[in-house]
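Novice: Sequence:
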Amino acid sequence: MPVRNIQILLLVMFVSVACCVQAERLKYAGKIGYAIGLIEQNYVDEIDPQELYVAAMHGIVSRLDQNSAFIPPQKYQEFQEVIEQQFGGVGILIEGPPAVKRLTVVAPILGSPAFEAGIQPGDVILEINGATTDGLEATAATSRMRGLVGEAVTLKVQRMNSPETAVLTIVRADVLVDSVFGDRIQSNSKWNYFLDEDPRIAYIRITLFGERTTEEFQKAIEAVKDRAKAVVIDLRSNPGGILRSAVDMCDMLLDRGVIVSTRGRNQQFGSERTADHDVRLPLGIPIIVLVNGDSASASEIMAACLKDSGRAMLAGQRSYGKGTVQQVFDLQDNQTAIKVTTAKFYRPNGKNIHRSEKSTESDDWGVTPDAELTQPITPLEEMYLYKRWNSRGDPRLTNAAEKPPSPGCEGDQQLSKVLKYLQATLME
8 MPVRNIQILL LVMFVSVACC VQAERLKYAG KIGYAIGLIE QNYVDEIDPQ ELYVAAMHGI
68 VSRLDQNSAF IPPQKYQEFQ EVIEQQFGGV GILIEGPPAV KRLTVVAPIL GSPAFEAGIQ
128 PGDVILEING ATTDGLEATA ATSRMRGLVG EAVTLKVQRM NSPETAVLTI VRADVLVDSV
188 FGDRIQSNSK WNYFLDEDPR IAYIRITLFG ERTTEEFQKA IEAVKDRAKA VVIDLRSNPG
248 GILRSAVDMC DMLLDRGVIV STRGRNQQFG SERTADHDVR LPLGIPIIVL VNGDSASASE
308 IMAACLKDSG RAMLAGQRSY GKGTVQQVFD LQDNQTAIKV TTAKFYRPNG KNIHRSEKST
368 ESDDWGVTPD AELTQPITPL EEMYLYKRWN SRGDPRLTNA AEKPPSPGCE GDQQLSKVLK
428 YLQATLME
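Residue numbering for the sequence shown follows my numbering, beginning at 8 and increasing consecutively.
These aren't lab readings, by the way, just hints derived from the structure by calculation.
Glycine included, every Cβ here is placed at the ideal spot set by N, Cα and C.
Possibly wrong hints are sitting among the right ones.
Stated by the list, open to error - DEER-style ranges, computed between Cβ atoms:
1) LEU290 / ASP185: 23 to 29 Å
2) LYS108 / PHE336: 42 to 48 Å
3) ALA62 / LEU290: 49 to 55 Å
4) ALA159 / GLY317: 28 to 34 Å
5) GLN225 / ALA159: 40 to 46 Å
6) PHE276 / ASN168: 53 to 59 Å
7) THR432 / LEU117: 29 to 35 Å
8) ARG207 / TYR393: 25 to 31 Å
9) GLU171 / ASN136: 18 to 24 Å
10) ILE46 / ARG109: 45 to 51 Å
11) ASN136 / PHE336: 34 to 40 Å
Kindly produce the complete structure, drawing on both the sequences and the hints.
Specialist: Printed below as a string of structure tokens:
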């Protein structure tokens, strides 16, 4: 048989196989579409087919694990904003009733339109676009101030402890949301990364792993590397995020070795990430990583990597135990998406940290703190921890001499244990 005929035959075979695979997929899509059409036309009450589609997608994904999910249109934008750490708005951190009587500015985000317009911590927002904020909660106010980039928002504000009011027209822009914090915010909305209790010890708290977290972490490391004698990385209550960010951040702290490996049913989701030699923090500086039961996924990757490599000790409580990787696939012209578990990740010691629904407390899952740094806390102490974080990020408290000082770390038993351990180590 001529070579050209063989090539044509192979091409026909390839196309036929591809068509069979596509037809098998479309068979199910056609059935779902047919069922939605039947219900839309024959159900006793009129019903929106879009609602049926959303319900069908939720049902499909519910057959998977607890970390897979369908992201409907009303949640899609919010999901993207969290991961990308960016949204269209004016850039104000606020609190409202019942915490305070009226909508109050905690702080403008550094470099945001609100910051440039002169919004100050403690300002009371009386009106948004002419509508009163009396009784308006913070979440509702945030929705009113967010919107299309380039459009204006008019705020009527009353200065803290003053009858003076001002009307400010602020043009929305892309606002960047931080995910890396220090010990205490300063009056210029920048963070002090050194503990008040011991300025030799740097403190870096990471709240999630988003698109900008690596860049933020690098800036924090650059800010402390020349002065710090020890570094605390706080991953408590960090739910995770982008795997790549956690890998890149570990790479800044290591000069060699495996960071994490992933294994999936499809080979494209399997990989092994290793450290290069571009270390950003001197290897002689001791590191302690804080975790708790809400530290999950990428947080556990970072904690496990630094512990297994011998680069850091772990403190706090055993982590959540989420050892799977999810991939987000956009649907319907980027208005909906499905988040599907595609792989499991393995720490450098070869273990998978995942806690299944059948796992018990005695099973090996999550990442466990070093024995001398393990410190459980009560729910009441955990409430104090969140209060401390909020207070340390409020310039109205941290910079006002006439107000009570924001809480130190003495009430945070986990951080206090770490502080005492590092102080003893630095004395040796």
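Novice: Could you run down the list of hints and mark each one as holding or not?
Specialist: Against the structure, the hints:
no.	hint	result
1	LEU290 / ASP185: 23 to 29 Å	holds (27 Å)
2	LYS108 / PHE336: 42 to 48 Å	holds (46 Å)
3	ALA62 / LEU290: 49 to 55 Å	holds (54 Å)
4	ALA159 / GLY317: 28 to 34 Å	violated (54 Å)
5	GLN225 / ALA159: 40 to 46 Å	violated (34 Å)
6	PHE276 / ASN168: 53 to 59 Å	holds (56 Å)
7	THR432 / LEU117: 29 to 35 Å	holds (34 Å)
8	ARG207 / TYR393: 25 to 31 Å	holds (27 Å)
9	GLU171 / ASN136: 18 to 24 Å	holds (21 Å)
10	ILE46 / ARG109: 45 to 51 Å	holds (48 Å)
11	ASN136 / PHE336: 34 to 40 Å	holds (37 Å)
The structure fails to meet hints 4, 5 from the earlier list, while all remaining hints are met.
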